[in-house]
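Residue numbers (the working numbering), protein chains in the order written: chain A, 1 to 324; chain B, 1 to 453.
Keep in mind the hints are simulated off the structure, nothing from the lab. There's no promise every hint is true.
[Said to hold, decoys possible] Heads up, simulated BS3-like pairs for lysine-lysine below, C-alpha to C-alpha not over 27 Å straight-line:
{"#": "1", "chain 1": "B", "residue 1": "K406", "chain 2": "A", "residue 2": "K289"}
{"#": "2", "chain 1": "B", "residue 1": "K326", "chain 2": "A", "residue 2": "K289"}
{"#": "3", "chain 1": "A", "residue 1": "K179", "chain 2": "A", "residue 2": "K322"}
{"#": "4", "chain 1": "A", "residue 1": "K323", "chain 2": "A", "residue 2": "K23"}
{"#": "5", "chain 1": "A", "residue 1": "K179", "chain 2": "A", "residue 2": "K23"}
{"#": "6", "chain 1": "A", "residue 1": "K289", "chain 2": "B", "residue 2": "K286"}
{"#": "7", "chain 1": "B", "residue 1": "K122", "chain 2": "A", "residue 2": "K62"}
{"#": "8", "chain 1": "B", "residue 1": "K212", "chain 2": "A", "residue 2": "K52"}
{"#": "9", "chain 1": "B", "residue 1": "K122", "chain 2": "A", "residue 2": "K96"}
{"#": "10", "chain 1": "A", "residue 1": "K73", "chain 2": "B", "residue 2": "K122"}
{"#": "11", "chain 1": "B", "residue 1": "K24", "chain 2": "B", "residue 2": "K3"}
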Amino acid sequence: MPDFCFPAVLVNKKIMFIIKYKKIFIGISIALVVLSFLSLFVFGLNIGIDFKGGALTEIIYKTERPTQAVLDKSLTALNFGSILLQPTGELGYIVKTRDLNDAEHSLLLKTLSLGHSPTGEAPDSKNTLTEMSFNSIGPSVGQELTRKAILAIILISLAIICFIAFAFRKVSKPVSSWKYGFIAIISLLHDVAIPVGLFVMLSHYYGAELDTLFVVAVLTILGLSVSDTIVIFDRIRENLRNQAATAKMNFSEIVGKSLEQSYVRSICTSLTVILVLLALFFFGPVSTKYFALMLTAGMFFGTYSSIFLASPLLVLVEEWQKKK
Amino acid sequence: MWKKIVLALIILVFGAGIAFFVFKSEPKLNKNFETQKSFFKKFPFRLGLDLSGGSHLIYKADTSLVPAGQVGDSMNSLRDVIERRINLFGVSEPVVQVQHGGLISGAGEQLIVDLPGVTDVKQAIDMIGQTPLLEFKIEAPKGTPQTATVDKNGKVTLDVNSQFVSTELTGRYLQKATLEFDTNTREPKVSLQFNDMGTKLFAQITKNNVGKIVAIYLDGAPISTPVVQEEIPNGQAVISGSFTPTEAKQLVGRLNSGALPVPITLLSTQTIGAILGDHAVNAGVKAAFIGFLLIALFLILLYRLPGLIATLSLCIFISIILALFKLLPVTLTAAGIAGFIISIGIAVDANVLIFERVKEELRSGRNITDAVSVGFSRAWFSIRDSNISNFITAVILFWFGTSLIKGFALTLGMGVIVSMFSAITITRIFLSTLGFIGEGKVARFLFSSGLSK
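Generate the whole structure from the sequences, applying the supplied hints.
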């Protein structure tokens, strides 16, 4: 676009504070990422049955829910190893066990419905519970999924890196194009690390489990947040090209100008996605609640990082280059 | 100018037509659904198991005895056999898929069975696991020791099984079984036709046993013990037990479906109750609706007239996507609905990029018509780039995913592609018809931002 010319407004100083205090913003991002990693190491990941195998039975009692202690007692007699009872709703339980075969599954249901009576024997209490869902995953299926997930993460990361390399293929001065790509990848890691840290907190305090959707969320964040960074970097390069013809500006001023020009659209495009994600979180199906929350966090920090991390980093890199 | 208006009208009619189709073909929206033409009834949304309720089973097939080159073939015939068995039980729209092992999945050959509406896992597993074993046995030679049991009342029961000895003839040599009704008694009977090898064996058995009983065993129990009148050389036999017509029909089906070519073991089961699925559907629809309203509000408040037009093209986008879900059809899961909802958000991304650019061009002193056309062409690169990354993710997820992930990847990917069309082409056509609005103060107001500046 050789005929492109800028609006005759001067660089708005409003947004320049980001460049001026770049080290503070970069510091905030580093702190958040470190915090996420810390929570990951302190709390650990709560891996769900999707990956490690096991069974999850959700039941709802018709009239009255037996206490956990009563059920625990009769469940221990089943010898299924450790059984975790988790109350859900008013009348329901989620029962977590190792993976169960058909016979063990019926035995479990029988035990759970018998437990309804305080005496432990109630032949007519068959109908006192309804099985809402049953999910039993053998360990080999879990291993297979883990393998697939890891491969998908590697492939998508590679594809995104290739895409970034492609998007920044035209060499531009004063910062060479691979550095744009490198910074885009750093901010991408930042965008993924923070939602993961958030998820670790969630799984620690609310029992969220790392399942297939978690992996999908991480990968979708990769796709969604890279575009934000690219929109701003694109603008920076466009301005760099134009600046050659017009007034001399230094690099940090150009970055500030580009930010000024694109922060509104960057925030707005993320906001539209965040709006629907919030709708999904508050009103959507239970199964995608954590998924929506993670994506919301990913979108938010994706936009944050493209404005407050990627661009300041770019200026920082340029300054280091000059010093050399 | 007139050309543009006509084009815009055509798109409006087209969009309305698609929306009408979606509305008409959805029982929940259309109160007169039952009286509709069959055309509309053919295209309901196809709901995944987590929404409709049902069972999802993963079997591992043991192909260690199958020669390497024939694994694919034997897996396909395994799928066919299982499919036939399931169809017998009248499950609507079952899905039976072979998942080949390999580098990517890391596991062996697998068979994935989706049974919508079947929430009783035990029933489902039985349905698939049943292998009818058909045997033909002849009377044991005289003098064979026979076992008998004496119960506590002193009654002696002769063990029937010890009276008969197995022959080589089994269900393996069966060519087909058919259901027939006796012309006199109207009783159902099952007619068997053997293949060449079976015909020879059967002829030999009947020849050697004229006047004796040849017992027909099903799954280890005698179901028919006819006396052989003469040699039967043509390989046709009839089982006339005391069947009900349904039982006879099931037996025919089971015999025809044959034995499994490869042994299978159950790896994992997943059952979702219908109530849970219903809740998820309602929640998904509600979230999509509220998400749409939020976006519409956002667009109109922030971009005024262009925002209104973007909302209109978003409506067309949603209609097109929903129609595609019905026509392709796409199996919708909770994750799939999430993908669709996210694509609503992404669909307006392009519009936001364009409108921001248009606003910028307006500020730089262009008139509205120019600003719109320049805005569109300059925003294109950003739009392309931001969609490419999402599309890459969707494609790889689809390629790798389990059915849950595939549903998400597919709806998201479709959303990305269709949104490029709706947000760019449709919005542009609509906006270009607005030239009549002129350059007055009102027009400038309508095209400028609802907030700041």
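**Study point:** Satisfaction of hint between A/K52 and B/K212, Cα-Cα up to 27 Å
**Key:** violated (59 Å)
**Study point:** Restraint status (C-alpha distance of B/K326 to A/K289 at most 27 Å)
**Key:** With a Cα-Cα distance of about 26 Å, the restraint between B/K326 and A/K289 holds, given a limit of 27 Å.
Exercise for review: Starting from A/K73, check that the Cα of B/K122 is at most 27 Å away, please.
Suggested key: Answer holds: A/K73 to B/K122 is near 26 Å, not above 27 Å.
Practice item. Mind checking the alpha carbons of A/K289 and B/K286 for me, to see if they're no more than 27 Å apart? Key: Holds, because 14 Å separates the two Cα atoms, which is no more than 27 Å.
**Study point:** Holds or violated: B/K24 to B/K3, with C-alpha atoms at most 27 Å apart
**Key:** Violated, because 31 Å separates the two Cα atoms, which is more than 27 Å.
Exercise for review: Decide if the proposed pair is consistent with the structure: B/K122 and A/K96, CA atoms, cutoff 27 Å inclusive.
Suggested key: It holds: about 19 Å lies between the C-alpha atoms, which stays within 27 Å.
Review point. When you check the alpha-carbon spacing of A/K323 and A/K23, does it fall within 27 Å?
Key: holds (17 Å)
**Study point:** Proposed proximity, A/K62 with B/K122 (alpha carbon, max 27 Å)
**Key:** holds (22 Å)
Review point. Under the criterion that the straight-line Cα-Cα distance not exceed 27 Å, is the pair A/K179, A/K322 satisfied?
Key: Satisfied, since the Cα-Cα distance of roughly 15 Å is no more than 27 Å.
Review point. Does the alpha-carbon distance linking A/K179 and A/K23 stay inside the 27 Å limit?
Key: Answer holds: A/K179 to A/K23 is near 18 Å, not above 27 Å.
Point to revise | B/K406 paired with A/K289 [C-alpha distance capped at 27 Å] | key: Since the Cα atoms of B/K406 and A/K289 sit roughly 19 Å apart, the hinted pair holds (cutoff 27 Å).
This entry does not satisfy hints 8, 11, going by the numbered hints stated previously.
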